[in-house]
Amino acid sequence: MSFEHRHLLGIEPLKPHEITAILDLADEYVELNRRPEKHSDVLAGLTQINMFFENSTRTQASFELAGKRLGADVMNMAMQASSIKKGETLIDTAMTLNAMHPDLLVVRHPHSGAVDLLAQKVNCAVLNAGDGKHEHPTQALLDALTIRRSKGRLHRLNIAICGDIAHSRVARSNLILLGKMENRIRLIGPPTLVPGQFAEFGAEIYDDMREGLKDVDVVMMLRLQKERMDGGFIPSEREYYHRYGLDAEKLALAKPDAIVMHPGPMNRGVEIDGTLADDINRSVIQEQVEMGVAVRMAAMDLLARNLRAERQSKAG
Amino acid sequence: MSTLFFNARLIDPEAGTDTPGSVLVWNGRIAAVEKKAADPAQMLHTQGLTPDDVTRVDCGGKCLAPGIVDMGVKVCEPGERHKESYKSAGLAAAAGGVTTIVTRPDTTPAIDSPETLEFVTRRAQADTPVNVLPMAALTKGRDGREMTEIGFLMDAGAVAFSDCDHVVSNTKVFQRALTYARSCGALVIAHPQEPGLSKGAAATSGKFAALYGLPAVSPMAERMGLDRDIALLEMTGAKYHADQITTARALPALERAKANGLDITAGTSVHHLTLNELDVAGYRSFFKVKPPLRSEDDRLAVVEAVRTGLIDIISSMHTPQDEESKRLPFEEAAAGAVALETLLPAALRLYHAELLDLPTLFRAMSLNPARRLGLESGRLAAEAPADLVLFDADVPFVLDRFKLRSKSQNTPYDGQRMQGRVEATYVAGEPVYRRD
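Chains X and G, in that order, give the protein sequences. 1291 is the number of the first residue of the first sequence in this note's numbering; add one for each residue after it. 265 is the number of the first residue of the second sequence in this note's numbering; add one for each residue after it.
Don't read these hints as lab results, they were simulated from the structure. Worth double-checking, as some hints may not be accurate.
[Said to hold, decoys possible] Listed next, the in silico DSSO-like pairs over lysine-lysine satisfying Cα-Cα at most 27 Å (straight line):
no., chain 1, residue 1, chain 2, residue 2
1, X, Lys1305, G, Lys471
2, X, Lys1470, X, Lys1305
3, X, Lys1516, X, Lys1540
4, X, Lys1516, G, Lys471
5, X, Lys1516, G, Lys463
6, X, Lys1545, X, Lys1470
7, X, Lys1504, X, Lys1545
8, G, Lys667, X, Lys1411
9, G, Lys554, G, Lys522
10, G, Lys667, G, Lys554
11, G, Lys463, G, Lys554
12, G, Lys671, X, Lys1411
13, X, Lys1504, X, Lys1441
14, G, Lys471, X, Lys1470
15, X, Lys1358, X, Lys1411
16, X, Lys1540, X, Lys1441
17, G, Lys671, G, Lys351
[Unchecked claim] Chain G side only, calculated, beta carbon under 10 Å to chain X, not exhaustive:
no., residue
18, Ala466
19, Tyr547
20, Phe594
[Unchecked claim] Non-contacting residues of chain X with respect to chain G, defined by C-beta distances greater than 12 Å in every case (computed):
no., residue
21, Glu1494
22, Met1556
23, Val1579
We treat Cβ as the ideally placed atom computed from N, Cα and C, and that holds for glycine.
Chain G extracted, bound-state conformation:
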């Protein structure tokens, strides 16, 4: 029933600390946290436990952090189970240190009714070792015309409402949906983008897109989309999260909206934090994501916004695509990348580049998403669920996409040098992954 993790480097995003210490887990929850290098026997003694009651895990000085809460994961059930199933996504998440996946409703058909939501909940429970929390569509069929049954869907377990990369372009429909969602206390997640400008775009406008002859969108389209949404928040008072803020020009608007007391948070994807538009060189379709990769200046501005906390959440934006969807000319290729397993090693690039420290990374990957969804997890503190990730922050390796556990292996990091690897993942105190 009890596990003692000792000799660990504790990453506590709430306190912002990175210290040696131990964590005692009892009955699926954290019972005590000791933030100094203590003798394990001593700690058990103070807790009134005898060594026989307790499984001891020597962390060997490696990092122990609250498990990642990944907002915006696409599992391709229903509709395209060959790209990713709950089983394969669960294995990938566990291997990536992700203890809670918040699933997207952009499936085929969209998850826009309590019945489809119940189907995916059942599938998730049967097959997934990590926590799964589903999101539901904001409008029926994600086509921006009629709002979904937000109340019923919340009763069925929907934790947030989103049309994903479809922008509700009819402002009146979006206003009503936000107003109604507020009355239910529902969180609405939107994709800030001016859809008229971004239609057909495969790259960000700039020298690179001009040279490669790719249809491009101005980075300003993101700020225009965000500006509209912020105005609607002022009108409706809804609870709002921008799924991906990826450009410098959108940041001042976000900052003002927060300063004005609107209930707004923002996320970004690990790809936009670690890659830029030039990585597409040679029309590599694994680097095609939505919104498209940005300039290096934008990337650095967004990293800085994560550091200051202006951008709250980092997510994987895990989007499985099979080989057939990607082995096409860049314009025709599907957008998206898998990232459940690469989220942590990729995010650690920012740590090794000395741009972000580990507590800041876990604030954005664990604490803030849990808080935004009203979960108890994401913390390294007594009473919190014992969802934990044990990882070596420094070990180098070369990523081989064919070793990923996802059914689809469309990662932009294939063949790249990474640093940092998950050793073990625990959900409610039980191991769901151990590196062999």
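The shape of chain X in the complex, shown without the other chains:
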């Protein structure tokens, strides 16, 4: 198995076989997580720090649980509340943390590129848990694992990503990952939220949702990121729901076995109909959460192996 990266900063630097390697290992961790005895010690002795400069409940909990199941010592730092308010810069914060000898640093930051910057300044493995509007690699990996397990493959699928593409790091990472694995991707949403430049990445762009959903295998809904919007991108939530909200009628245009995904947290009645989200025959939203823990365990396991190998070669 080859996965030669020090950090997981994005999907962009990964090769298809490396994506497959993470997913294969994650499959094993799904099995582990389903056992009554869910503990492993592959990260025993290592320290994992979760630094979230932006609010998060789900992703942070998922990373925390992943680290704990693998035996790491896990610490959470809610950064919005602390040093940033006292005027400390990101790099100073990174240097301070670095002096505490962490091994795995999980970082979320509201600005694109901030996690890359931080990774340059520390000598541990850094995992990007979302940076601005740039990337959210573990989300794309868990989506990929969910699709692969549900559809039996991760190539030659028609996948629709719907909604607020412009403000979404999830959409960017998914677009890159699913593109690398040779799928056809459609981006669906109002043109104010789906910038035309994405056509240059090989995606097809639709502003008519009904047309865009025709015969797709996977429907990925995105949350309307109200907190990232600095002006009116849509006239109102009810008009948005009418034109771009996923309901049973619009879903009927997709393939009969098409699955429905959502990275959460959902705005029920804004981008997705509540009943549909709960339909266990179509919605894989709960599986996504389960896969999230497994994928993060796999990613941290692989990075920790590289970290240990690097330290051993230095010591030797």
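Keeping the supplied structure of chain X fixed, place chain G upon it in accordance with the hints.
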């Protein structure tokens, strides 16, 4: 009192020539220019001088050109002297072949009153070996509400009026300021940009910005800003200079305005001529400038506009920023780059790429800015001030930012291969820099 520069390659932007020759300097001014490889003794003889009266400088076949007149240099006095002082800016300018710096008023506080202007003039005179000409703000505090005392400021020495990167978004205020400036004969320098569109932008919209998830502005915002300003020029007849034109789409509007006889000129920065948006790769904040770097197509269109003369002036847009302002996530990092010392070597990339010849480069860096400001310099001709730069156009080197003389070292060219280096700089015939 006299200096003879012989065995030189003379770059004359006025005549558009690049020839071997000699220049005789007397009393701070150019006394004679001989555009052929002549025997120095012969030239002295025709001028009626004996060899003992004259310092002789053998240029060794290197280029001798009129010193650069750099419009739009930020010296961080008053307010942020730790980023750049008149002393450090003067040393950097001299080492870069810049003999006149035209300073920006976007300091803290802004240079918007005769009193602050007198302060900076005093500081400049005390500490700077090159000529310093100050600009003043067009509106008080550069906040676009009330015009400054344009008349008093001109009396105090202001050569132009600009709110720098702040666009006077209230069109009525801008119209009045332009009207009043015209009555004083003042030059107004504006930043053509539609501020509503460009608010918060850190990159130019396109594939690159989309991939990197950066807030971006359409290149069209520049053309919209320029269109508005041109309409105001038609109304007011003011004397106007666009500080930086960086996009292909703004060029036809500029061309029409010139053809219609408006008193308009345009500049661009050396960064926009030599770098493009992809250079930001990896969120390198030293490549964050304002306006943001553009696409390669835009860059080439702007280089071509400099060649044809549609864009008149190349400047460094020297903007010192300390490490703390730059070591931040790209969106939060301050914009701007230092360039006094790198202006010439960077501009020479265009010469080595065979896009522009040397007389054209010096037309844009020396002759045109001097003309626009009504200066006598910028020319290689008798009677002109002996502000000269002697440079080797070909010598290769790797730029080390820590060797720059500026107090701030935020250059995008760090570690890059450059070609061409200043050997010596003269202001009024006196050497202000010699490479050791």
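The hints, checked one at a time:
1. A distance of roughly 21 Å separates the Cα atoms of Lys1305(X) and Lys471(G); the hinted pair therefore holds under the 27 Å criterion.
2. For a cut-off of 27 Å, the pair hint linking Lys1470(X) to Lys1305(X) stands: about 8 Å separates their Cα positions.
3. Under the criterion of a C-alpha separation no larger than 27 Å, the hint pairing Lys1516(X) with Lys1540(X) is consistent with the structure, at around 24 Å.
4. Taking the CA atoms of Lys1516(X) and Lys471(G), the gap is near 24 Å; set against the 27 Å cutoff, the hint holds.
5. The hinted pair formed by Lys1516(X) and Lys463(G) meets the criterion: a straight-line CA distance of about 19 Å does not exceed 27 Å.
6. Among the hinted pairs, Lys1545(X) with Lys1470(X) is consistent with the structure: their alpha-carbon atoms are about 23 Å apart, no more than 27 Å.
7. A threshold of 27 Å between alpha carbons decides the hint, and for Lys1504(X) with Lys1545(X) the separation of about 7 Å falls inside it, so the pair holds.
8. Taken as a hint, the Lys667(G) and Lys1411(X) pair is honoured in the structure, with Cα atoms around 24 Å apart against an allowance of 27 Å.
9. About 25 Å separates the Cα atoms of Lys554(G) and Lys522(G), which keeps this hinted pair within 27 Å; it holds.
10. Using a Cα cut-off of 27 Å, the hinted pair Lys667(G) and Lys554(G) holds, with the two alpha carbons roughly 25 Å apart.
11. For the hint linking Lys463(G) to Lys554(G), the alpha-carbon distance of about 11 Å falls within 27 Å, and the restraint holds.
12. A distance of roughly 24 Å separates the Cα atoms of Lys671(G) and Lys1411(X); the hinted pair therefore holds under the 27 Å criterion.
13. Proposed proximity of Lys1504(X) and Lys1441(X) is supported: the alpha carbons are some 18 Å apart, at most 27 Å.
14. Between Lys471(G) and Lys1470(X) the alpha-carbon distance is near 17 Å, which keeps this suggested pair within the 27 Å criterion.
15. Restraint check: the Cα-Cα separation between Lys1358(X) and Lys1411(X) comes to about 26 Å, which is no more than 27 Å; the hinted pair holds.
16. With a C-alpha separation of about 21 Å, the suggested pairing of Lys1540(X) with Lys1441(X) holds against the 27 Å cut-off.
17. Under the criterion of a C-alpha separation no larger than 27 Å, the hint pairing Lys671(G) with Lys351(G) is consistent with the structure, at around 10 Å.
18. Because the closest C-beta pair between Ala466(G) and chain X is about 9 Å apart, less than 10 Å, the hint holds.
19. With its C-beta approaching chain X no nearer than about 3 Å, Tyr547(G) sits inside the 10 Å limit, and its interface hint holds.
20. Contact between Phe594(G) and chain X, as hinted, is supported at the beta carbon level, the nearest pair being about 5 Å apart and thus within 10 Å.
21. The non-interface label for Glu1494(X) is consistent with chain G: the shortest C-beta to C-beta separation is roughly 15 Å, beyond 12 Å.
22. Every C-beta of chain G lies more than 12 Å from that of Met1556(X), the closest at about 22 Å, which supports listing it as non-interface.
23. Val1579(X), annotated as away from the interface, keeps every beta carbon of chain G farther than 12 Å; the closest lies near 24 Å.
Comparing the model with each earlier hint shows no violations; every hint is respected.
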